[in-house]
Amino acid sequence: MKTYAEINEKIKQGKAVVFTAEEIIEVVKEKGYKDTAREVDVVTTATFGPMCSSGAFLNFGHSDPPIRMSKVWLNDVPAYAGIAAVDAYIGATELSETKGFAYGGAHVIEALVRGEKIELKATSYGTDCYPRKEIQTLISLNDLNQAYLFNPRNAYQNYSVAVNSSNRTIYTYMGTLLPNLGNATYSTAGELSPLINDPYYRTIGIGTRIFLGGGIGYVAWEGTQHNPNQNRNANGIPTSSAGTLALIGDLKQMNHQYLRAALFDRYGVSMYVGVGIPIPILDEEILKQAAISNREINATVYDYSVPKRSKPNYGQVTYAELRSGSITINNKTTPTAPLSSLYEARQIAGTLKEWINEGQFSLTEPVQPLPTDLKVNSLEIK
Amino acid sequence: MAKKKIVLTFPPELTESPLTYHLVKDFDLAINILKAKITPGKEGKLVIELSNGAEENIQAGIDFLKDQGVFVEPVSKEIVFDEAKCIHCGSCTAVCHPRALNIAAPDWKLKFDKELCIVCESCVKACPMQIIKVTF
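In the order they appear, the protein sequences are chains A and B.
Mind the numbering: the first sequence is residues 182 to 563 in my numbering, read in order.
Mind the numbering: the second sequence is residues 6 to 141 in my numbering, read in order.
Quick caveat, the hints were computed from the structure, so don't treat them as lab data.
Using N, Cα and C, we set each Cβ at its ideal position, and we do this for glycine too.
One thing to keep in mind: the hints can contain errors.
[Said to hold, decoys possible] DEER-style ranges, computed between Cβ atoms:
1) A:N348 - B:E21: 24 to 30 Å
2) B:E21 - A:G506: 37 to 43 Å
3) B:H102 - A:G531: 32 to 38 Å
4) A:Y214 - B:S56: 30 to 36 Å
5) A:Y214 - B:C125: 45 to 51 Å
[Said to hold, decoys possible] Facing chain B, a subset of chain A residues (Cβ under 10 Å, in silico):
6) T357
7) S505
8) G506
9) T509
10) A518
11) L520
12) R527
Given the sequences, and given the hints that come with them, work out the whole structure.
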C-alpha cells in the first residue's frame, strides 16, 4: 500500500518508478503482481483520437470604444458569444460559413496553438455601456487574456467497432465504412487507454492532473454521457462506450502536435486530442487493472448501416484481434483499421513518464470520484 | 518477371471487342484489372497490370492494343502523403483494398508501398488530416 503523498515525495526526489501501461504488462509477467505493486509507483496511460466534443473558451479583451459581442466569427467560423461581453466558446465541430466542411472550429483552435493570426469579427446591438456595433481585427493566442480548452466529453472508456452490412459505402464519424462488411474501424488505444486501465475510476476523478494537448490539464467533471453502468467483461472492462471525462487545460501551454483538426469525409470536422493520464499504483488491485492487455479487452461490433439509436451488433472481439489486422464476422474475414493513433498515444505516455521521472509533474488525489452509478437518458420526442 | 501498369482508353466501337482475351491467348500475359469503366457503345477506360511475361511480350501486347485503336498510357498518377504531417491514425488503411497503405505492429507507423497502389484515390478523402494527394 502506498499513498499519493509517498509517491509524490519519490517524484520530488527523482526516485519514482514509472512505466507506461504497455510496458507494465511485461514487468508484471516477469515479477508478478505483488512485487511489481510494491516497486512501481506510476503507470502512464494515453490516447490520441478524434474527440468531437471539444472546444475552447476565449477572452478577447476590450476594444475602445468597447463592444458587447453578441455574434462572433473566428476565420468565418461562428463561436458562441451568449456569455459576457468579450467571452466566447469555439466548438471543434462548428463549420466555416464560407468554406463549409473544409474548415471548422478545430482548425481555428489548431491555428491558435500554432501561433497563427486569426480574423475576429463580431457584431452587437450596442448599449450605453458598450456602444460599438461591430469589430473586425486580427488576434493570436498571445493577445488573448484566457484561452482554455474545455472539452465536455473526451477519453471514452472503450468504444464501438464499426462495420457496414449494407450494399453501399457509408461515411461516418467512424470513417468510411465499406459495403458488405468490407472493413471494420475501431477507435481506442486499448491496453494503453486511460479509463480502460482504471475501469472503476479508483484513481481518475475530478481534479486529476493530466497531460492535455501537450500541456498540463485537469479532469473537470465526469464527461457528458458518462455511462459507468455499461456491460462489463469478466475483467471489469466495459464492452462498449462507457465512462467519459470532461477535461480542461490552458491552450497557451499546448502543442499543435497533440491537437489536430480533422475532417471525416461527408461527416464533418473533428479534433484529435492528445490525453495522457497517470495512474498511481496505490495497491495490487490498481496494478492488476493497469496491467490489463489487449486480449483481455473486448469491444462490441456494431452495424453502422442501421441509422438508429440502438444498432444491431455482431458480438464482441478482443483488441488483440482488432490489432491483428482482421476479425471474423459471420464467417467472413473483415480487415480492421484503427482511427486513433497508437503511435502518437505512445509518444504521449512516454512524455508523461518523462515529466514524472524529471520531477516536473506530481500526482493529485481526486477531490471527488467520478460517478459509478449513473443512468444515461435518451431524448424522447413528446 | 516484368510488370507494367497501364491505362487503356477505348473508342466506342472497340468496347465490345474481346481485347483482353487476345492479350492472354496470343501474348501469354496475365492481366489484373485494377479499375474498369466500360459501357457498350461509349468510350471505355480500363486500368490493368500486365505481368507473367517477358518485357518483349508485354511490349508486343501493348503494340497490339495500339494497332487495334486503343489509346495506351502508362499509369502516371501517383499517391503521395506528407509524412511530416501524418499522425499515423490508420483511417486511410480502412479503405485501401490492395493494402498499399498499411499500419501495424510493432511501431504502428503508416507505411506506403507504391508497388501495391492502384491509384483508386479512396485514401485521399478518407485521410482526416487531408494530407494524401494525387500527383500527375
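Evaluation of the provided hints:
no. : hint                        : in the structure
1   : A:N348 - B:E21: 24 to 30 Å  : holds (28 Å)
2   : B:E21 - A:G506: 37 to 43 Å  : holds (41 Å)
3   : B:H102 - A:G531: 32 to 38 Å : holds (34 Å)
4   : A:Y214 - B:S56: 30 to 36 Å  : violated (55 Å)
5   : A:Y214 - B:C125: 45 to 51 Å : holds (49 Å)
6   : T357                        : holds (5 Å)
7   : S505                        : holds (9 Å)
8   : G506                        : holds (6 Å)
9   : T509                        : violated (17 Å)
10  : A518                        : holds (3 Å)
11  : L520                        : holds (5 Å)
12  : R527                        : holds (8 Å)
In summary, the structure is inconsistent with hints 4 and 9 from the numbered list given earlier, while agreeing with the others.
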